[in-house]
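Let chain W serve as the given structure and place chains G, Y, B and U on it in line with the hints.
If you want the building blocks of each chain, they are given just below.
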Amino acid sequence: MAVKGLGELDQNYDGSKLRIGIIHARWNKKIIDALVDGAVQRLKALGVTDANIVIESVPGSFELPYGSLQFLQRQQAKGEPLDAVIPIGVLIKGSTMHFEYICDSVTKALMRLNFDAKVPIIFGVLTCITEEQAEARAGLIQGKMHNHGEDWGAAAVEMASKQPK
Amino acid sequence: MAVKGLGELDQNYDGSKLRIGIIHARWNKKIIDALVDGAVQRLKALGVTDANIVIESVPGSFELPYGSLQFLQRQQAKGEPLDAVIPIGVLIKGSTMHFEYICDSVTKALMRLNFDAKVPIIFGVLTCITEEQAEARAGLIQGKMHNHGEDWGAAAVEMASKQPK
Amino acid sequence: MAVKGLGELDQNYDGSKLRIGIIHARWNKKIIDALVDGAVQRLKALGVTDANIVIESVPGSFELPYGSLQFLQRQQAKGEPLDAVIPIGVLIKGSTMHFEYICDSVTKALMRLNFDAKVPIIFGVLTCITEEQAEARAGLIQGKMHNHGEDWGAAAVEMASKQPK
Amino acid sequence: MAVKGLGELDQNYDGSKLRIGIIHARWNKKIIDALVDGAVQRLKALGVTDANIVIESVPGSFELPYGSLQFLQRQQAKGEPLDAVIPIGVLIKGSTMHFEYICDSVTKALMRLNFDAKVPIIFGVLTCITEEQAEARAGLIQGKMHNHGEDWGAAAVEMASKQPK
Amino acid sequence: MAVKGLGELDQNYDGSKLRIGIIHARWNKKIIDALVDGAVQRLKALGVTDANIVIESVPGSFELPYGSLQFLQRQQAKGEPLDAVIPIGVLIKGSTMHFEYICDSVTKALMRLNFDAKVPIIFGVLTCITEEQAEARAGLIQGKMHNHGEDWGAAAVEMASKQPK
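Chains as they are written, first to last, in the working numbering: chain W, 1 to 165; chain G, 1 to 165; chain Y, 1 to 165; chain B, 1 to 165; chain U, 1 to 165.
Chain W with its partners taken away, still in its complex shape:
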């Protein structure tokens, strides 16, 4: 569990009435899987039921913003609207400038989607220089850092609970 930061909630939230979507990219699968698992565990610890945790995927991080909107709309159409979305991706610096342009455009598009969709969109994207940094932030390196997916799960419940009616 997080020692400081996002993981510390300002009050006890009850997630038992919330439906939370997780949408993840499929690059760097092992790290992604750990982050998704961390988010799911925290959602459950805050009372979100298994049936109310919906998980989807898209090919890469560039697809996360529009994929999140598609996801919201499909759930809406089914009569099972989401109260928050956690888009999860792992971006690692390579030799071209792909990392920089993807990180920047994805971060801003996820930020904007909060306002356009009027649903909290949590920033579950790691923007790392090395693969090891990403592994550490997914809790995969013993004794280093906690799984950031836990923070994202907590943030989703908090922000969904603060949504104006």
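Don't read these hints as lab results, they were simulated from the structure.
It does not matter which identical chain is meant; a pair holds if it fits inside one copy or across any two.
With a straight-line cut-off of 16 Å between C-alpha atoms, the simulated EDC-like cross-links for lysine to aspartate or glutamate are:
id : residue 1 : residue 2
1  : Lys-162   : Glu-56
2  : Lys-165   : Asp-83
3  : Lys-30    : Glu-132
4  : Lys-29    : Asp-10
5  : Lys-78    : Glu-56
Relative to chain W, chains G, Y, B and U alone:
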């Protein structure tokens, strides 16, 4: 009190009729607390009543822009609309590129929110390379710099007073 | 075929009912041709018919975003609407800052077009420091990397299939 | 007077019917004052009357974009609409990343305001590495550079004159 | 004439029915003049008549995006609407950060204007580190590079021809 800059008002403002919201992230708690306190002290010095200073929090700085909108809307729904919002966060450079992408997207989203919400949104986010820089700007290092929260409190009263009716 | 990443689909998609547009810039023709070919091959492997793969071009990458919108609108007007667009361009760092400003504005405009056009827009732009990096990502250097056009073809079919009705 | 550049007008403009707003930040007062003075002198030289030059201020440069909109709206409400606005600020690189994020968000927000307010907004913000650079551009260093405020005054008259009716 | 790239059209375009606007900044006049001339020559070679090439100017590059919109609207109001606009500017790195912020905001605003005005806006802005780089791209250094204005003229005719009716 600020020696130069934001802290110097162009005229005497009367905050006694204004309701000001402060919304802060919860990372780097000691620094955040000092900044919030600086803002509150300055708001009071300019006549804002205790009852009209409303304080909320969000998990991290990425949540500040949408959290500010939620905050504005909840206050509106309660019949207690805010005349300005001061989002407060402390971002410190780490080893990944998280700092850069969060700083950039948060700054732009707060800027934009001014126009979308039609309420002054003050920029209360420190974007520092070291923790010491942030402490200095929160007035926590004796004899170094003043508490920037004071400037933000003054800016909130001024910008709210300049709002077209 | 891709070993990991975008190329691995999360399920079997049937592209036989989809119409996919490819719009490419004309700079660095040999690399562009290989990328377009990779995308076409993958689209066909996923069931998209020859008649439903529509290929257009624009002068340079700056024209890709607005050119994609023109393309979508012309196809719409013909009664042959596109289910996804793959804009393809190859940008290589030169001695001025042209590369940086074009890469940044094109990436963000393509991201935004997803939301404005309500059609998946795949990011088929290489942002490379050297021409060799671009050749490798087009599958033109034996034994180095796979043709990224294949990933884009797969992403187009997947994202089009996930479009809410 | 400017030797080349903005200062050279493409034709003789008559500012006698125009009302121009200047809104300045209050940091770096000596430099700001010189720039405002340069703009005012040039406006007058182009025929703008004293009564039609309206000057306002905001605390810092972050407040310039929304402050410009407030300014436009207040003047509109008074029945004294502005034909152009010159927001003036002086930003100087410090030890944190504050400079970078403020410069970037302010520049883009002022650019956008042109389109949203449908009134020319001139870019009167200096983004300098050193204070000396800013002094030089305010005409405060004898024999170095001209006062850039003059260019901004000329640009305001020209752009206001080119406004479609 | 261009050896590769933008200069090679994908088909023969007939510009004889098109009206094209050129709007240029007035800094670095010699280079600007050469670029405007290159664009005009290419427009004529593609059949655009002298009467249908309309040339305007603005003070500096920051004014190009809004100046282009004013230009479009004035021509519209006259009953002589433009089918494409070529904004031309030359930006050269100086000692402050002015270059970076202007280049970035101008590029993105021109990109966006395509979508807002629904008319092709060609990117005719050079973003150079040295003046010599700009001269070379204006065809002013014998035996070095071709005049990029030619590419912009060709792109304007092509993009205008591809406009949906």
